[in-house]
Amino acid sequence: MRRVGATLAIGASLLALASPAAAHERFIKHQLKKPLQNWFFGRDPRHLLGMDPNMLHIGLLVTGVLAGAIAVWFLRERLDEVVRYRLLARLRGALQRHVHNLACFLTDKPVRLGWFYALGEWAVIVFLRSPALVLMYSATNDSLVMPSYPLEPSSAVYFKFLQALLALLILTQTLLPLCGALILGTWLYLFRWGWFVAVDALPVVTVAVVYLSAPWQSHKLAITRLTPLQTRLVRLVLGFGFLVLGWMKVYNHDLTAGVADNYPGVMNDPLVGLFAFGTDAALRRETWVVAFGMAEVLSGFMLMAGFFTRFWCMMMLWVFTKLMLVDFGWAEIPHIYPIGALLAVMASNHLKTEFDLVERKARALRRDVPLRSYALVAVSAILIAVIAVLPILWGLSFTDRSLLNP
Amino acid sequence: MTTRFRLATPLQIIALTVAWLAALLLIDYTKNPHLWTKAPPPRPASAPLSLYVNHLCCTGCLADVRAGLQTLPWVEPEKVRARQGKVLTVKEAEALGPAGEYGGWVDVQVKDPGSIDFVAVDRALRDKGLVASRMEFGGPPHFRLEAQVAHMCCGICEDAARRTTELTRALAAARLLWVDSVTADHAKHLIIVHARYLEPGKTVDVSELLAALDQVGLAPYSLRVQTGAEQAVPAESPATM
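As given, the protein sequences belong to chains L and S, one line each in that order. Quick note on this note's numbering: the first sequence kicks off at 50 and runs consecutively. Quick note on this note's numbering: the second sequence kicks off at 269 and runs consecutively.
Incorrect hints may have been included.
Quick list of the computed label-pair ranges, beta carbon to beta carbon [what the hints assert, rightly or not]:
id, chain 1, residue 1, chain 2, residue 2, range
1, L, A213, S, H419, 38 to 44 Å
2, S, K456, L, T189, 39 to 45 Å
3, L, R333, S, S314, 34 to 40 Å
4, S, Q483, L, E170, 44 to 50 Å
5, L, R333, S, A313, 27 to 33 Å
6, L, T273, S, A313, 57 to 63 Å
7, S, L279, L, R139, 55 to 61 Å
8, S, K456, L, L97, 53 to 59 Å
9, S, Q483, L, W88, 38 to 44 Å
10, S, K456, L, G327, 46 to 52 Å
11, S, L279, L, A271, 53 to 59 Å
12, L, R92, S, A363, 54 to 60 Å
Keep in mind that the hints were calculated from the coordinates and are not lab data. A virtual CB, placed ideally from N, CA and C, is assigned to each residue, including glycine.
Construct the entire structure; sequences and hints are all you get.
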């Protein structure tokens with residue numbers, strides 16, 4: 050233990066030496082065409098909770114959607130019974146099987162289908178190998194890990210070769226625990242350029258979790274399935290990454306709005322439109338920024354908590370694929386990595402929720418005091434949703450963002 | 269023979285991660301010493317033009333910068349200042365020996381930003397054997413840059429000018445993000461580059477534009493800032509990019 054402590058101390062000292070720098074640049078155009086109304090994101094003592102009513106409106110709408118989704122999740126056993134005994138009992142043959150498989154898919158239960166199993170295997174291979182493509186792409190674009198982080202010309206050659214070496218290890222599935230440590234170390238190194246950069250690269254850590262839990266002799270294995278623990282860790286890290294990135298979008302509003310100014314097509318998203326519904330049309334860009342960030346917070350939280358994981362994975366797969374193929378094009382080809390990760394989680398048959406305690410309690414109460422069971426579900430769903438959304442949204446209104454540079 | 273699979277221990281993971289982090293920081297520290305030094309003084313808000321002169325080691329270099337810029341009627345030589353404050357004398361610089369970085373920022377005060385001609389600045393410095401790799405302009409939130417070119421004989425030249433950032437994509441990676449659109453008029457031999465809204469205190473690097481125009485083969489003989497009302501865009505050259 051003393052050794053571990055010493056190693057951690059050295060690591061902490063090295064991190065403390067690092068000075069923040071403002072080298073972070075997004076690789077797609079993001080400069081504002083006209084300024085946002087910054088007061089919208091700050092404190093406004095005239096209104097409830099000191100927040101702009103439009104921002105609070107979006108926050109409450111997202112909380113409502115989240116609470117509803119969580120409540121449905123906790124009641125899924127009851128819904129499953131309805132599907133099974135009212136709907137499926139009346140159907141026969143292939144149609145019955147299809148509806149049953151669809152219900153299993155949507156409620157994160159194992160889907161016993163050959164092609165789904167094969168898709169899961171392929172998705173894991175893509176997920177484990179796609180970081181190599183991203184690293185090679187970054188190396189050829191004089192950047193580190195992602196094209197967002199341009200390398201200094203004086204040290205570029207070293208970082209590029211190291212990235213190529215890491216990519217080679219990943220492609221050949223050699224010494225995967227080492228690959229995991231290298232990815233983790235590289236991610237920690239990004240703090241040297243500021244915490245913003247490291248947060249932006251958080252999803253990269255997801256694959257490191259799998260690499261670190263693989264055997265040293267990984268080159269001798271055909272890794273095509275994730276263990277239940279790996280699936281859980283991937284889901285948690287990936288979901289947490291998106292959750293934080295969603296909050297960052299609200300915090301760093303100029304960057305988010307700058308991207309929309311340059312690619313107006315991204316503003317036409319149905320989910321984001323739903324969250325911004327009923328807000329002041331004169332604040333369209335401002336409300337869009339908050340709604341867009343909150344959509345990511347919602348998706349990240351659902352993924353992290355394990356509520357309708359497959360459904361949210363599908364939603365995010367759609368968004369990432371659209372961003373890559375339609376909105377931004379080749380510049381966002383590194384999105385192939387989160388697409389691989391989402392696909393691997395979606396096609397897993399080891400999905401569980403982090404809140405199964407509520408489910409167990411509700412199930413226990415159901416037989417004796419059904420009303421209390423429903424009350425428990427309702428209170429839990431509202432409580433979880435409120436805690437997940439409102440405190441941070443409220444807290445963000447206190448932050449000073451005048452130093453942010455998109 | 270059956271392979272005995274072994275998993276990484278927590279200690280191995282921590283040791284490898286920390287060692288790798290240390291290696292990356294070491295490369296960074298040894299190869300990028302300029303990034304570890306103290307932050308340079310901020311750009312004075314009153315100076316609309318700042319030049320990063322690639323070689324500015326001593327008072328001799330600064331004197332040549334001033335002498336070069338003195339040839340421009342809109343520059344007052346006494347208001348050309350090195351941002352770092354104290355500049356080494358020639359003797360001090362000789363005594364110091366090799367350093368990692370020899371460049372430095374020069375801030376230029378100008379009465380009227382509209383009088384700045386970036387091509388003239390570049391030429392004046394080159395005539396003295398010096399190069400400004402960055403020409404940062406700031407101040408007005410809305411402005412455009414008008415490049416007068418000697419060669420623009422036909423619609424194809426005009427099209428190439430309009431697509432400057434597109435045709436120089438490799439060069440423009442993570443650069444020219446401040447450009448909103450480009451229009452061109454071959455009858456007037458004019459390329460107009462519209463800048464995006466510029467936040468207070470922020471600047472744009474005009475040297476990126478000069479490099480891009482060189483790249484498309486339409487080198488301007490003047491490049492001036494315009495902040496007044498815009499002229500109507502010629503009907504045959506829509507402003508899109």
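So, going through the hints one by one against the coordinates:
Distance hint check for A213(L) and H419(S): the Cβ-Cβ separation is about 43 Å, which falls inside the suggested range of 38 to 44 Å. At about 41 Å, the beta-carbon gap between K456(S) and T189(L) stays in the expected band of 39 to 45 Å. At roughly 36 Å, the beta-carbon separation of R333(L) and S314(S) lies within the given 34 to 40 Å, and the hint holds. For the pair Q483(S) and E170(L), the beta carbons lie near 47 Å from each other, so the given range of 44 to 50 Å is met.
The hinted window of 27 to 33 Å between R333(L) and A313(S) holds, with their beta carbons roughly 32 Å apart. Range check, T273(L) to A313(S): Cβ separation about 60 Å, and the 57 to 63 Å hint holds. Separated by about 59 Å at the C-beta atoms, L279(S) and R139(L) satisfy the suggested range of 55 to 61 Å. Taking the beta carbon of each, K456(S) and L97(L) are about 57 Å apart, inside 53 to 59 Å as hinted.
For Q483(S) and W88(L), the Cβ-Cβ distance of about 42 Å falls inside the hinted range of 38 to 44 Å, so the restraint holds. Between K456(S) and G327(L) the Cβ separation comes to about 50 Å, which falls inside the hinted range of 46 to 52 Å. With their beta carbons about 28 Å apart, L279(S) and A271(L) fall outside the hinted range of 53 to 59 Å. Checking the proposed 54 to 60 Å range against R92(L) and A363(S) shows it holds: the Cβ atoms sit about 56 Å from each other.
Violated hint for the displayed structure: number 11, the only one.
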